[in-house]
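**Student:** In the order they appear, the protein sequences are chains A and B. Just so we're aligned: 105 in this note's numbering is position 105 of the first sequence, and the numbers increase by one with no gaps anywhere. Just so we're aligned: 59 in this note's numbering is position 59 of the second sequence, and the numbers increase by one with no gaps anywhere.
It cannot be assumed that every hint is accurate.
[Claimed, not checked] Examples of chain A residues toward chain B, derived with CB under 10 Å:
no., residue
1, Asn447
2, Ser482
3, Ala780
[Claimed, not checked] Computed far set for chain B versus chain A, every beta-carbon distance over 12 Å:
no., residue
4, Leu6
5, Asp18
6, Leu47
7, Asn49
8, Lys66
9, Lys190
No lab work stands behind these hints: they were computed from the structure. Where is the CB? At the ideal position from N, CA and C, for every residue including glycine.
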Amino acid sequence: MIVSYKLLKEYVDLKNYSLEDICSALTLAGFEIEGLHPLSSGNNLVIGEVIECEKHPNSDHLHVTKTSIGKETLQIVCGAPNCRKGLKVIVALPGANLPAKGIVISKSEIRGVESNGMLCSLLELGVDEDKLTDYQKAGIEELPLDAPVGNDNPLGYLNLDDTIIDISITPNRADVFGLHHLFKEVAAILNTKIIKEDDFSINRQGECKFNASSNTSACDYFSITYIENIKVMPSPKWMQDILLKHDIKCINNIVDIGNYVTLMTGQPLHMYDADKLQSTSFVVKDDKNVKVLALDNKEYQLENNDLAVTNNDEVVCIAGVIGNASTMISDSTKNIALEAALFDGNRIMNSCKKYGILTVAATNYSKNAVDRYNTIKASDLACNLLVKYADAKKVSKANEYDKRNLTIKHVSITTEFINNRLGTNYTNNDIENVLKRLSFDYNLENNNFDIIIPTYRNDIEIKEDIVEEVVRLIGFDSVPYSTCLINTSKYGLNDIQKARKIINDYLLDLGITNTLSYTLINKEQAQYYGVFEKDNYIILPHPLTVEKEYLRQNLICSMLNTISYNQARGLKDVAIYELSQVYSNENLNGKEKLAIAISNNLNKTSWLENKNVDFYLIKGIVEGLLNLFGLDNNRYRFELLSDYYPKQLIFHPGKSAILKINGQIIGYLGEIHPTTLKKESIDKTVYFEMDLSAFLSLKTSKIKYNPVSKFPSVSRDIALIVKDEIPVSDIIKTMKKAGGSLLTNVDVFDVYKGEHVQNGYKSVALSMTFTDPNKTLVEATINELFNKIYAQCQKDLNAIIRS
Amino acid sequence: MLKEKLETLKQEVQQKVDKVTSSLELSDIRNEYLSKKGVMSSFMMELKNVANDQKPIMGQMINETKNFISNLIDSRMKELQDIELENKLKEEKIDITLSGYNFKSASKHPMNIVVDDIINIFVPLGYSVVEGPEVETDKYNFEYLNIPKNHPARAMQDTFYITENLLLRTQTSGLQARAMQANTLKTPLKIICPGKVYRRDDDDATHSHQFMQIETLVVGEHVTLADLKGTLDLVAKKMFGEKREIRLRSSYFPFTEPSVEVDVSCSCNNNKTCPVCKGTGWIEILGAGMVHPNVLKMSGYDPNIYSGFAIGFGVDRITMLKYGFDDIRNLYNNDLRVISQFVKER
Numbered sequence: 001m002i003v004s005y006k007l008l009k010e011y012v013d014l015k016n017y018s019l020e021d022i023c024s025a026l027t028l029a030g031f032e033i034e035g036l037h038p039l040s041s042g043n044n045l046v047i048g049e050v051i052e053c054e055k056h057p058n059s060d061h062l063h064v065t066k067t068s069i070g071k072e073t074l075q076i077v078c079g080a081p082n083c084r085k086g087l088k089v090i091v092a093l094p095g096a097n098l099p100a101k102g103i104v105i106s107k108s109e110i111r112g113v114e115s116n117g118m119l120c121s122l123l124e125l126g127v128d129e130d131k132l133t134d135y136q137k138a139g140i141e142e143l144p145l146d147a148p149v150g151n152d153n154p155l156g157y158l159n160l161d162d163t164i165i166d167i168s169i170t171p172n173r174a175d176v177f178g179l180h181h182l183f184k185e186v187a188a189i190l191n192t193k194i195i196k197e198d199d200f201s202i203n204r205q206g207e208c209k210f211n212a213s214s215n216t217s218a219c220d221y222f223s224i225t226y227i228e229n230i231k232v233m234p235s236p237k238w239m240q241d242i243l244l245k246h247d248i249k250c251i252n253n254i255v256d257i258g259n260y261v262t263l264m265t266g267q268p269l270h271m272y273d274a275d276k277l278q279s280t281s282f283v284v285k286d287d288k289n290v291k292v293l294a295l296d297n298k299e300y301q302l303e304n305n306d307l308a309v310t311n312n313d314e315v316v317c318i319a320g321v322i323g324n325a326s327t328m329i330s331d332s333t334k335n336i337a338l339e340a341a342l343f344d345g346n347r348i349m350n351s352c353k354k355y356g357i358l359t360v361a362a363t364n365y366s367k368n369a370v371d372r373y374n375t376i377k378a379s380d381l382a383c384n385l386l387v388k389y390a391d392a393k394k395v396s397k398a399n400e401y402d403k404r405n406l407t408i409k410h411v412s413i414t415t416e417f418i419n420n421r422l423g424t425n426y427t428n429n430d431i432e433n434v435l436k437r438l439s440f441d442y443n444l445e446n447n448n449f450d451i452i453i454p455t456y457r458n459d460i461e462i463k464e465d466i467v468e469e470v471v472r473l474i475g476f477d478s479v480p481y482s483t484c485l486i487n488t489s490k491y492g493l494n495d496i497q498k499a500r501k502i503i504n505d506y507l508l509d510l511g512i513t514n515t516l517s518y519t520l521i522n523k524e525q526a527q528y529y530g531v532f533e534k535d536n537y538i539i540l541p542h543p544l545t546v547e548k549e550y551l552r553q554n555l556i557c558s559m560l561n562t563i564s565y566n567q568a569r570g571l572k573d574v575a576i577y578e579l580s581q582v583y584s585n586e587n588l589n590g591k592e593k594l595a596i597a598i599s600n601n602l603n604k605t606s607w608l609e610n611k612n613v614d615f616y617l618i619k620g621i622v623e624g625l626l627n628l629f630g631l632d633n634n635r636y637r638f639e640l641l642s643d644y645y646p647k648q649l650i651f652h653p654g655k656s657a658i659l660k661i662n663g664q665i666i667g668y669l670g671e672i673h674p675t676t677l678k679k680e681s682i683d684k685t686v687y688f689e690m691d692l693s694a695f696l697s698l699k700t701s702k703i704k705y706n707p708v709s710k711f712p713s714v715s716r717d718i719a720l721i722v723k724d725e726i727p728v729s730d731i732i733k734t735m736k737k738a739g740g741s742l743l744t745n746v747d748v749f750d751v752y753k754g755e756h757v758q759n760g761y762k763s764v765a766l767s768m769t770f771t772d773p774n775k776t777l778v779e780a781t782i783n784e785l786f787n788k789i790y791a792q793c794q795k796d797l798n799a800i801i802r803s
Numbered sequence: 001m002l003k004e005k006l007e008t009l010k011q012e013v014q015q016k017v018d019k020v021t022s023s024l025e026l027s028d029i030r031n032e033y034l035s036k037k038g039v040m041s042s043f044m045m046e047l048k049n050v051a052n053d054q055k056p057i058m059g060q061m062i063n064e065t066k067n068f069i070s071n072l073i074d075s076r077m078k079e080l081q082d083i084e085l086e087n088k089l090k091e092e093k094i095d096i097t098l099s100g101y102n103f104k105s106a107s108k109h110p111m112n113i114v115v116d117d118i119i120n121i122f123v124p125l126g127y128s129v130v131e132g133p134e135v136e137t138d139k140y141n142f143e144y145l146n147i148p149k150n151h152p153a154r155a156m157q158d159t160f161y162i163t164e165n166l167l168l169r170t171q172t173s174g175l176q177a178r179a180m181q182a183n184t185l186k187t188p189l190k191i192i193c194p195g196k197v198y199r200r201d202d203d204d205a206t207h208s209h210q211f212m213q214i215e216t217l218v219v220g221e222h223v224t225l226a227d228l229k230g231t232l233d234l235v236a237k238k239m240f241g242e243k244r245e246i247r248l249r250s251s252y253f254p255f256t257e258p259s260v261e262v263d264v265s266c267s268c269n270n271n272k273t274c275p276v277c278k279g280t281g282w283i284e285i286l287g288a289g290m291v292h293p294n295v296l297k298m299s300g301y302d303p304n305i306y307s308g309f310a311i312g313f314g315v316d317r318i319t320m321l322k323y324g325f326d327d328i329r330n331l332y333n334n335d336l337r338v339i340s341q342f343v344k345e346r
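Work out the full structure: start from the sequences and follow the hints.
**Tutor:** Encoded structure:
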C-alpha cells in the first residue's frame with residue numbers, strides 16, 4: 001500500500017524522526033518499506049512571471065524572455081512552444097539541480113543570447129509522467145494566474161513536495177489499509193503521539209426514510225442513512241490532493257468523500273441517488289440471477305452466491321464491489337442514501353474473481369481490513385464531511401440491520417509466558433509500556449495481564465499474538481542468542497540419503513556432472529518419452545503454459561534437452577546425471593530415479609585419440625555402480641531391450657538393454673536411437689535410467705571375508721567359434737557349469753568376426769583361471785577340466801575350438 | 001710365433017673396436033672373435049697340435065688374449081650402449097606441456113551443493129533429514145499449517161492444483177505436520193527437510209515456477225525464540241562467514257507466531273551503491289518463527305507443554321547470494337559451463 005509522507009506527518013508526531021529512521025523502524029516492526037517515490041525533485045526554484053517574450057534572433061523555435069522573479073528580472077531563453085508573455089512559471093535559477101533529468105542549471109549563452117536560468121516543465125521536475133497531460137508534457141508548466149511571484153517553494157505551492165511511501169503489508173495486518181489505523185501503528189512503533197484526529201461528530205435528525213435488511217448470512221450488518229439537499233461540486237483541494245496522492249481518482253465532492261472515508265477508515269461506503277430509488281426498502285440478497293450495468297459502464301452477470309443490494313427487488317449495487325449505473329450519483333443528485341455495511345469477504349473475493357474486477361471496497365472486505373465494530377463511525381465521518389463540503393442540510397438517523405455477534409476480545413497472558421516463549425527477561429513494566437504504545441487497554445492483576453484487543457485488530461486472537469506484539473515493539477535485538485539443547489535419539493542421514501551420497505561421489509569422480517531440471521514437461525514430450533511407463537501421467541488442469549503441463553515420469557526428456565542445450569552452445573562432450581523424484585497418478589508418493597547420459601565422449605583428452613561413447617561405456621558405469629552396492633553379477637542380468645519393447649524409438653534396438661535385478665526390471669540403458677538423436681538435435685548419446693527407490697530397497701549381502709588361496713592359479717586360453725547370435729554370457733555360463741568350483745574366473749579377451757571366420761559366426765577368445773584352495777593344480781587335472789569344458793560347449797552351443 | 005700372432009690379433013681387434021660405432025657392429029665383432037666358431041676358438045683348436053709341455057704356456061697366452069679382447073669389447077660395448085640409450089631417450093623426449101589423461105571430477109549442481117552444505121550444518125547438531133512428496137494434499141500443504149480455505153495467505157502462494165485436494169506443494173513446510181504426526185510417541189523433534197516446491201509464477205530473473213526449500217523444525221519443551229536466533233546466527237556464520245551478523249524483522253506466516261524475516265549482514269562494508277544489499281547493509285535470506293500453537297495442536301503436540309521453531313530456507317535465493325547469480329533461470333538451464341565452475345565445492 002502507499003501513504004503520503006506529508007499526510008503521515010500531519011497525523012503522527014514525527015518531528016524528531018527522519019524519513020530514514022521511520023522506514024527502518026517500520027521495516028523491523030513488520031511493515032517492510034518497498035520503496036520511496038518523491039512526487040517531484042529539484043532545488044533553487046522560484047515562481048516567476050514571463051513579462052516579455054520575443055523570438056530568438058538565431059533560432060526559429062527558441063524564445064528569449066524577460067522573467068520576473070519578484071526582486072529581479074532575468075533574461076531566460078526558453079524552447080517550450082507554450083512560452084508566452086503573462087505566464088506564471090517555475091524558474092530554475094543558476095545552480096539549480098534537477099536530478100530527474102540530470103540537469104544542473106548555470107548561466108550560459110544559447111546561440112549567442114545570454115540565459116540566466118530555465119523555465120521548467122513538471123517532467124523536468126521529476127513528476128511521474130503518468131500524472132501529466134500531454135499538454136503538460138509538451139511544454140513548461142503553466143501555474144495559476146494568481147501564483148505568488150517570488151515564492152521560492154513552487155513544488156510546495158503545487159503540493160508536490162511530498163514522498164509516497166510504499167509499504168508491503170503482511171496478510172494479517174490489512175487493518176492498516178485504513179490510514180487511521182496505519183497512523184496509530186506508526187505512532188506505536190516509533191513510540192510517539194497521534195497529533196490529529198478526523199472529526200466524526202454528526203447531528204443526526206429524524207428517522208431514516210429507508211429501511212435495511214438482509215436475506216443472507218453473508219451480510220450481517222447493513223446501515224442506511226438518508227441525507228437531504230446536498231450540492232454536487234468539486235471536493236476541496238486538500239481532499240483532492242490526498243486522494244490523488246493515494247492513486248484515487250477525483251470525481252466530485254460526494255464520491256470523493258466516500259472514497260476519502262474508506263481510505264481513512266478502511267470501511268467501504270456506497271452512495272445512491274435517493275431520488276432514483278424505486279422503494280424505501282433495501283434488501284441484501286444472494287440469489288439474483290441478472291445482468292447488471294455497473295457504474296463503470298460494464299455489464300456483470302450475477303449468479304447465486306453473488307451478493308447484491310436490492311431495492312424493490314432490483315439490483316442497485318453489486319454488494320461490496322461496485323454500484324449500479326442507474327442509481328449512481330450525478331451532477332443533478334439532490335438527496336442521497338448512504339450505505340455502510342459488512343459483507344462476507346470470501347463471497348466478495350469469489351465474485352470478483354469471476355467478474356475480473358477488484359475495487360478498493362472488494363479488497364478491504366476480502367482482506368479483512370474492515371473494523372466490524374465501527375461500521376457506523378465511517379458513516380458518521382462521511383456525513384460530517386457531507387455537511388461541511390456538500391452543504392447537506394439534513395442527515396437522518398441510520399436505519400440498521402444488525403445481526404453481528406460482537407464480543408470484546410480479551411487475551412490473558414503473563415510476563416512469564418512471554419519470557420518463556422522468547423527466552424527474554426522482560427519485566428511487567430516492559431510489557432505495560434508496549435501495551436500503552438499500542439493503545440491496548442489492560443488490567444494487571446497478580447502478574448496476569450487481561451488485555452482488551454482494539455476492535456480493528458482482527459489479527460490478534462491468542463497469547464502468541466501478544467508475544468509477537470511485545471517482541472516486535474521492544475525489538476528483536478533484545479532477544480539473546482542461545483543454543484537449542486534438545487537431544488534427539490536418532491539423527492543424521494538415513495540409508496537412502498547415504499546411498500545417494502555414494503552415487504553422487506561415484507558419478508562425479510567419473511567426470512559426470514550433476515544437473516537439476518524442471519519437473520513439468522509438455523504433452524508431446526510426455527507422450528514421446530512415456531513408452532516405458534505403465535502409469536498415467538499427472539496432468540495439471542490449469543497449467544501456466546502448455547510447455548509445463550505434465551509431471552514427468554522419467555528423466556529422459558530433461559536429460560536429452562540438457563544435452564541439446566549445451567551442444568547448441570558448442571559444448572560437444574556432455575556427461576550428466578540427475579537424481580529426481582517422479583510422480584504418476586498411480587504413484588502419488590513418487591519414486592526416485594537416477595539418470596545418466598553421455599554424449600560424444602567422456603573424459604576426452606582432446607589431443608589424444610578418443611573412443612566415442614558406446615553401449616559398453618554406459619554398461620560399464622552401471623556395472624561399476626552395481627558393484628559399489630555389493631551386487632554380485634549372479635543377481636542381475638542385462639537382456640535385450642527390444643525383446644521387451646519391440647517398437648520403441650528411444651533406444652537403438654540392437655544396442656540397448658534392460659537391467660533386471662532379482663528378476664525385476666530396474667532400469668534400461670543403451671545408445672539413443674538415431675531418430676531421437678535427430679529429434680533432439682544431439683550427437684551420439686548413451687543413456688541409463690533406473691528406479692533408484694526400487695534399487696535401494698534391495699537387500700545386499702553382508703560382507704564376509706573370503707580367504708585367498710595359498711596355491712597358485714593357472715590360466716588357460718580358449719578360442720571358440722560359435723553362431724553370432726549366441727551371447728557371450730551364455731558361453732561363460734556353460735563354461736562355469738562344466739568347470740565347477742575350480743574354474744574361478746572366465747574373462748573374454750577378444751570377440752572377432754570377419755576373415756577366417758565363417759559368415760554368421762564369431763570367434764570368442766576367453767581366458768580361464770583355475771584355482772584350488774587346497775593344493776597345487778597339476779597339469780592332468782587342468783587338461784581334464786579343459787576338455788570337459790570344451791565338450792560342454794560343443795554340446796550346448798555347437799562351439800568349435802578355433803585352431 | 002704364437003705370441004706375435006696374438007699380439008697382431010690384439011692390435012687388429014683394437015683397431016676394429018675403435019672404429020666401431022654401434023653396439024650391433026660390436027656384437028658382430030664379438031661373434032667373429034669370441035663365439036664358438038670364432039677366431040679365438042680356432043686358436044684353441046690349434047692348441048691340440050702343440051706339444052704337451054708347451055700347452056699350459058700357450059694356453060695361458062691365448063686365454064690372456066681372449067680376456068683382453070673380451071674386456072676390450074665389453075667396455076666398448078658399455079660405452080656404446082650408454083651412448084645409444086642416451087640417444088634413444090633423447091629421441092623419445094615428449095612435450096610435457098601437453099595435458100595429461102582427463103581424470104577430472106565433475107561438479108555437483110550449485111543448488112545441491114547449498115542443500116548439502118545446510119544439511120551438513122544441521123546434522124551434527126542432532127537433526128535428522130526428512131523428505132516428503134512433492135505431490136501433496138491440501139491438508140498438509142495448507143490446512144495443517146493453519147491456512148484454512150479462503151485464508152488470505154493462500155493468495156500469497158499461487159498454487160498448481162491437480163485436483164481440489166491434491167496439488168504440487170508450494171512449500172516444504174508441509175513436512176512439519178507430516179513429521180509431527182509420524183512421531184507417534186510425541187518425543188522432541190529436530191528435523192531438516194529439503195525439497196523441490198512449485199508455484200504458479202511466470203519464470204523471470206527473480207521468479208521460478210519450480211524452486212527449492214529447506215524446512216527446519218524443532219519441537220520440544222521450552223524451545224524459545226532465543227534458541228531460534230542462536231541457531232540462525234550459527235547457520236549464517238557457517239554459510240556466509242564468521243563475520244556475518246543476523247537481524248530479525250517482524251513478519252507474518254500463518255504457521256508461526258511470532259514470525260520473522262531474517263537478514264544477514266552484507267559483506268559490502270556499508271557501500272551505499274552495493275547491488276546486493278542495495279545500500280541497506282542487510283540481505284533478506286529466509287523466514288522463520290515460533291511454531292503456531294494451532295499447528296502443534298493439529299499434529300498432536302500439546303502447545304501447553306511443547307513449543308518449537310521453524311525455519312524456511314529458500315535454496316535458490318541463498319545459492320544466488322552466495323555465488324552471485326543474478327538470474328534465477330541460470331540455476332535451471334544446466335549450462336555445463338556454469339555448473340563446472342563449482343567442482344571444488346563438492
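**Student:** Now look at each hint and say whether the structure bears it out.
**Tutor:** Results of checking the hints against the structure:
Restraint check, Asn447 (chain A) versus chain B: the minimum CB separation of about 18 Å is more than 10 Å; hint violated. With 10 Å as the threshold, the beta carbon of Ser482 (chain A) comes within range of chain B, its nearest partner Cβ sitting at about 4 Å, so the hint holds. Against a cut-off of 10 Å between C-beta atoms, the interface hint on Ala780 (chain A) is violated, since the closest Cβ of chain B lies about 40 Å away. The beta carbon of Leu6 (chain B) sits about 53 Å from the closest Cβ of chain A, which is more than 12 Å, so the claim that it is off the interface holds.
Distance to chain A confirms Asp18 (chain B) as a non-interface residue, since its nearest Cβ pair spans about 46 Å, more than 12 Å. Its beta-carbon lying about 48 Å from the closest one in chain A, Leu47 (chain B) satisfies the requirement of being farther than 12 Å from that chain. Non-interface status of Asn49 (chain B) relative to chain A is upheld: no Cβ of that chain comes within 12 Å, the nearest being about 52 Å off. At roughly 44 Å, the least C-beta separation between Lys66 (chain B) and chain A is larger than 12 Å, which holds for a residue marked as non-interface.
The claim that Lys190 (chain B) is not at the interface with chain A is violated, since a C-beta of that chain comes within 12 Å of its own (minimum 5 Å).
Hints 1, 3, 9 from the earlier list are contradicted by this structure; the remaining hints agree with it.
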